[in-house]
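Protein chains: 2
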Amino acid sequence: MTNPRFAFSIQATDGAARTGVIAMRRGEIRTPAFMPVGTAATVKALRPAEVRATGADIILGNTYHLMLRPGAERVARLGGLHRFMGWDRPILTDSGGYQVMSLSALTKMSEEGVAFSSHLDGSKHLLTPERSMEIQRLLGSDIVMAFDECTKNGASQDEAALSMERSMRWAARSRAAFDSGGAHAESAALFGIQQGSLDRDLRAVSAQKLIDIGFDGYAVGGLAVGEGQEAMFATLDFAPGQLPADRPRYLMGVGKPDDIVGAVERGIDMFDCVLPTRSGRNGQAFTWDGPLNIRNARFAEDESPLDPECGCPACTGWSRAYLHHLVRSKEILGAMLMTQHNIHFYQSLMQRLRDAIAAGTLTAFANGFRARYLGRGQ
Amino acid sequence: MTNPRFAFSIQATDGAARTGVIAMRRGEIRTPAFMPVGTAATVKALRPAEVRATGADIILGNTYHLMLRPGAERVARLGGLHRFMGWDRPILTDSGGYQVMSLSALTKMSEEGVAFSSHLDGSKHLLTPERSMEIQRLLGSDIVMAFDECTKNGASQDEAALSMERSMRWAARSRAAFDSGGAHAESAALFGIQQGSLDRDLRAVSAQKLIDIGFDGYAVGGLAVGEGQEAMFATLDFAPGQLPADRPRYLMGVGKPDDIVGAVERGIDMFDCVLPTRSGRNGQAFTWDGPLNIRNARFAEDESPLDPECGCPACTGWSRAYLHHLVRSKEILGAMLMTQHNIHFYQSLMQRLRDAIAAGTLTAFANGFRARYLGRGQ
Numbered sequence: 001m002t003n004p005r006f007a008f009s010i011q012a013t014d015g016a017a018r019t020g021v022i023a024m025r026r027g028e029i030r031t032p033a034f035m036p037v038g039t040a041a042t043v044k045a046l047r048p049a050e051v052r053a054t055g056a057d058i059i060l061g062n063t064y065h066l067m068l069r070p071g072a073e074r075v076a077r078l079g080g081l082h083r084f085m086g087w088d089r090p091i092l093t094d095s096g097g098y099q100v101m102s103l104s105a106l107t108k109m110s111e112e113g114v115a116f117s118s119h120l121d122g123s124k125h126l127l128t129p130e131r132s133m134e135i136q137r138l139l140g141s142d143i144v145m146a147f148d149e150c151t152k153n154g155a156s157q158d159e160a161a162l163s164m165e166r167s168m169r170w171a172a173r174s175r176a177a178f179d180s181g182g183a184h185a186e187s188a189a190l191f192g193i194q195q196g197s198l199d200r201d202l203r204a205v206s207a208q209k210l211i212d213i214g215f216d217g218y219a220v221g222g223l224a225v226g227e228g229q230e231a232m233f234a235t236l237d238f239a240p241g242q243l244p245a246d247r248p249r250y251l252m253g254v255g256k257p258d259d260i261v262g263a264v265e266r267g268i269d270m271f272d273c274v275l276p277t278r279s280g281r282n283g284q285a286f287t288w289d290g291p292l293n294i295r296n297a298r299f300a301e302d303e304s305p306l307d308p309e310c311g312c313p314a315c316t317g318w319s320r321a322y323l324h325h326l327v328r329s330k331e332i333l334g335a336m337l338m339t340q341h342n343i344h345f346y347q348s349l350m351q352r353l354r355d356a357i358a359a360g361t362l363t364a365f366a367n368g369f370r371a372r373y374l375g376r377g378q
Numbered sequence: 001m002t003n004p005r006f007a008f009s010i011q012a013t014d015g016a017a018r019t020g021v022i023a024m025r026r027g028e029i030r031t032p033a034f035m036p037v038g039t040a041a042t043v044k045a046l047r048p049a050e051v052r053a054t055g056a057d058i059i060l061g062n063t064y065h066l067m068l069r070p071g072a073e074r075v076a077r078l079g080g081l082h083r084f085m086g087w088d089r090p091i092l093t094d095s096g097g098y099q100v101m102s103l104s105a106l107t108k109m110s111e112e113g114v115a116f117s118s119h120l121d122g123s124k125h126l127l128t129p130e131r132s133m134e135i136q137r138l139l140g141s142d143i144v145m146a147f148d149e150c151t152k153n154g155a156s157q158d159e160a161a162l163s164m165e166r167s168m169r170w171a172a173r174s175r176a177a178f179d180s181g182g183a184h185a186e187s188a189a190l191f192g193i194q195q196g197s198l199d200r201d202l203r204a205v206s207a208q209k210l211i212d213i214g215f216d217g218y219a220v221g222g223l224a225v226g227e228g229q230e231a232m233f234a235t236l237d238f239a240p241g242q243l244p245a246d247r248p249r250y251l252m253g254v255g256k257p258d259d260i261v262g263a264v265e266r267g268i269d270m271f272d273c274v275l276p277t278r279s280g281r282n283g284q285a286f287t288w289d290g291p292l293n294i295r296n297a298r299f300a301e302d303e304s305p306l307d308p309e310c311g312c313p314a315c316t317g318w319s320r321a322y323l324h325h326l327v328r329s330k331e332i333l334g335a336m337l338m339t340q341h342n343i344h345f346y347q348s349l350m351q352r353l354r355d356a357i358a359a360g361t362l363t364a365f366a367n368g369f370r371a372r373y374l375g376r377g378q
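Protein sequences appear in the order of chains R and A. Mapping the first sequence onto UniProt numbering, position 136 (from 1) lands on 136, and the numbers just tick up by one. Mapping the second sequence onto UniProt numbering, position 315 (from 1) lands on 315, and the numbers just tick up by one.
Derived from the structure by calculation, the hints contain no laboratory data. Honestly, I wouldn't trust all of these hints.
In this list, chains with the same sequence are indistinguishable; a pair is considered to hold if it fits within one copy or across any two.
Distance condition first, Cα-Cα at most 27 Å in a straight line; then the derived BS3-like pairs of lysine-lysine [to be verified]: (1) LYS209 to LYS152; (2) LYS108 to LYS152; (3) LYS44 to LYS330; (4) LYS209 to LYS330; (5) LYS152 to LYS124.
Could you put together the complete structure from these sequences and hints?
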């Protein structure tokens, strides 16, 4: 098949884990996949070619940020998000639902959607399933996310049920709005988002409603919102299995490297998280021996690379001592190199996970990873 | 001659202007040369390979900043500034004299040198000609600048004379201290700095004292300190000619593109300035049609490159609209691309100046440049 709209082929499984390829017209996405976050039409501190060189097949863009600045209609007039930012491979856009609640002021939620004031200039906006689909179409997104409400951590059973039911009604409206999008609907994919908090029955109801609507892929939403890794893994022990086995499963907003390894073991295929970019700018580096903070005084004259096992440009070109100096001096190059390393580390982790699943050695790899990564944090 | 310590060959002259090559063991420097400023062991927002790709043959490092953080002894323990920051071509370091007076607190100047408190942590330091030479040796500088006092703009004739005389005594101490530097003295070059404010006679006295001491190159100091372009050019009408014709002449801290063109016409061979890097981070781009501020609303949907005549990665890869968005959004990538373009523009200007001198067409080039650059500022 040449230039398919969306084709997911599973090449190997190992327990609940799978490795495969999503083929789309802008390129292939190897799974399990990590998507660097390009909030405001840039993966912060990296050029697109540098993002690609880490091994990233797809990046994420944020509907909420882009609708406010530079604006979805403006991006459309400029030829779409890919052309605007110079990234020609797949882009997944979120629906804006999560960030409108966490970032904007004066939000008012109704069955229609969410009215809010911009955190940038106070301007008034209304985000609905229909408007979210329109924005993601204007951006030219390859993988569009249904508009939902991320049920808050600690919600009661009743609250979680009501929230999930509304998200499922919004999922149906998202599907209808997406399908009316003309040429875009014929070239892009639409993912539904499972809610239901930590409850197995609510998650099952949510999954069935999404399956009845029908999506190209399915996200596990409402996790990584403060419940902790143990509760997240407990939910991932059943939630992915409630979703279609032949469709990609995407765990939104996750996470730390050990979160990702545990989620892959439980059947998740796609991830996104600001952690490698944001923490890179703050001086935290990920290594196979655990995270380290390069600001620590003991790195001031350390001539070794950030991670001796890493082949990224930051690790082959400069010492911990230099990165320590740059980050302490608040130099932009520090953010550039730390981010480059961290994204490279995440992509290397995904490649090792894919290789381990293909070889049928995921459990051994995951246990070895944890023993080293969690056991010897620097 | 292979790996010379310092050899300046003039290949062509055009009026007072010259084009040539300075050969040093770490590489050749084509003149007239512009040196991007790498204050804290990084040309801000660019990797060394990106700096080199603009056409830069040499960069500048700041003694004042580096002595305070990470510290000269620390840089020496880490193998010197070149290894530390990953730049293997020539580096010129200033003496610290100018910045200690402009940036530090509680300075106290005496014949011995300048006592001051760090602007970073308040720690006490003493900078003398001998300590400045030691720091520049510890950094592994290729072109060392004598320690001097930059006579302030508006100084009376008496003040300028006293200041210049002290700088000349410090120049002799710098020469002696540099020469006692062992292997470094045999591989690096030392430049003297002419002072004398805007006065022809004081400049002549200063030049003769420097010539009597003997240096590899000579800087014109004490300009670009607020006197204005007209007064600077009036001084450059005589000051370079007071210095040896067979040695490079370096105008410190200059400047705007039209400053550089006018100074090259008056016989200057080397320049440094923070303008392309600093103003790039603030959204100002240099183009052949004059400077533009990319934050201006009229660029919000401008799909043309920053400068249609420029072949730099920023201009070939992205639109003004995208750069407008990045800079307005305070994205690091905006600083990266704007800086990359500006340094590229400066290096392109130097190449056009070198070509014009070699072709004997400098006056026509300079007039054409000014008519366009100054006449159609955007």
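In ascending order, which of the hints set out earlier in this document are inconsistent with the structure?
-> 4
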